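Protein sequence lines correspond, in order, to chains L and P.
Using this note's numbering, the first residue of the first sequence is number 10, and each one after it goes up by one.
Using this note's numbering, the first residue of the second sequence is number -5, and each one after it goes up by one.
Hints are not guaranteed to be accurate.
[Said to hold, decoys possible] Derived SDA-like pairs (lysine to any residue); straight-line CA-CA distance at most 25 Å: (1) Lys65(L) to Ile84(P); (2) Lys1(P) to Lys80(L); (3) Lys65(L) to Ser83(P); (4) Lys51(L) to Arg4(P); (5) Lys110(L) to Arg9(P); (6) Lys51(L) to Gly46(P); (7) Lys80(L) to Lys51(L); (8) Lys51(L) to Thr73(P); (9) Lys65(L) to Thr19(L); (10) Lys51(L) to Glu48(P); (11) Lys80(L) to Gln22(P); (12) Lys77(L) to Gln22(P); (13) Lys80(L) to Arg60(L); (14) Lys65(L) to Ser(-5)(P); (15) Lys51(L) to Ser47(P); (16) Lys110(L) to Gly10(P).
What the hints contain is simulated information worked out from the structure, not anything from laboratory work.
Just so we're clear, the structure is a prediction, and the values are computed from it rather than from any experiment.
The lines below spell out each chain.
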Amino acid sequence: GESVGLHLPTLSVQEGDNSIINCAYSNSASDYFIWYKQESGKGPQFIIDIRSNMDKRQGQRVTVLLNKTVKHLSLQIAATQPGDSAVYFCAESSLEAAGNKLTFGGGTRVLVKP
Amino acid sequence: SAVISQKPSRDICQRGTSLTIQCQVDSQVTMMFWYRQQPGQSLTLIATANQGSEATYESGFVIDKFPISRPNLTFSTLTVSNLSPEDSSIYLCSVVRNIQYFGAGTRLSVL
Chain L
10 GESVGLHLPT LSVQEGDNSI INCAYSNSAS DYFIWYKQES GKGPQFIIDI RSNMDKRQGQ
70 RVTVLLNKTV KHLSLQIAAT QPGDSAVYFC AESSLEAAGN KLTFGGGTRV LVKP
Chain P
-5 SAVISQKPSR DICQRGTSLT IQCQVDSQVT MMFWYRQQPG QSLTLIATAN QGSEATYESG
55 FVIDKFPISR PNLTFSTLTV SNLSPEDSSI YLCSVVRNIQ YFGAGTRLSV L
């Protein structure tokens, strides 16, 4: 399938500041997008998802924005904490795809400075 | 949510041998997947493990190299055969229960 890419491989952020992680996707047929967090030695952990009929969705301290016009997805983390240090992946899928097969982006490492 | 147990959590294997990875889910699921995550890279789907039928492989992955079993709705195995150093990766299983959940992964190093 088509790949999902990221603009920034590493993001350093001061504790307490907001983080923004960006992701570009190329498959215009994708209609479901997910952000995962992967800590060292662990599997990816679901953070938040969004369907293409929405352009914004909020969770606890996180917001996902979807711009279908430019095929861009972002994850905003409010008041970044040391526990937010991890690699973040965006993934895309089509809800019509069998079993919701995911195509992952390259990942962004977030480093939170105390 | 879904509780996924993968075994082994890590292994070091010799070139030419095989490693079988087990994935156990806490309750029945229809869809199970196997992914590979090469060092410092993102996740790539290897195959969909189908219960009662042959797995569905993605482009670039073949059954001879990555045989998969799915004997029931809570269990699957992935074997990585004829190991070479290029197979050193993290192998992850995932299941779909509203959203896709991942196991902790198996870290394989091939010498």
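Hint compliance check: list the failing hint numbers for this structure, sorted ascending. 1, 2, 3, 5, 6, 7, 10, 11, 12, 15 and 16
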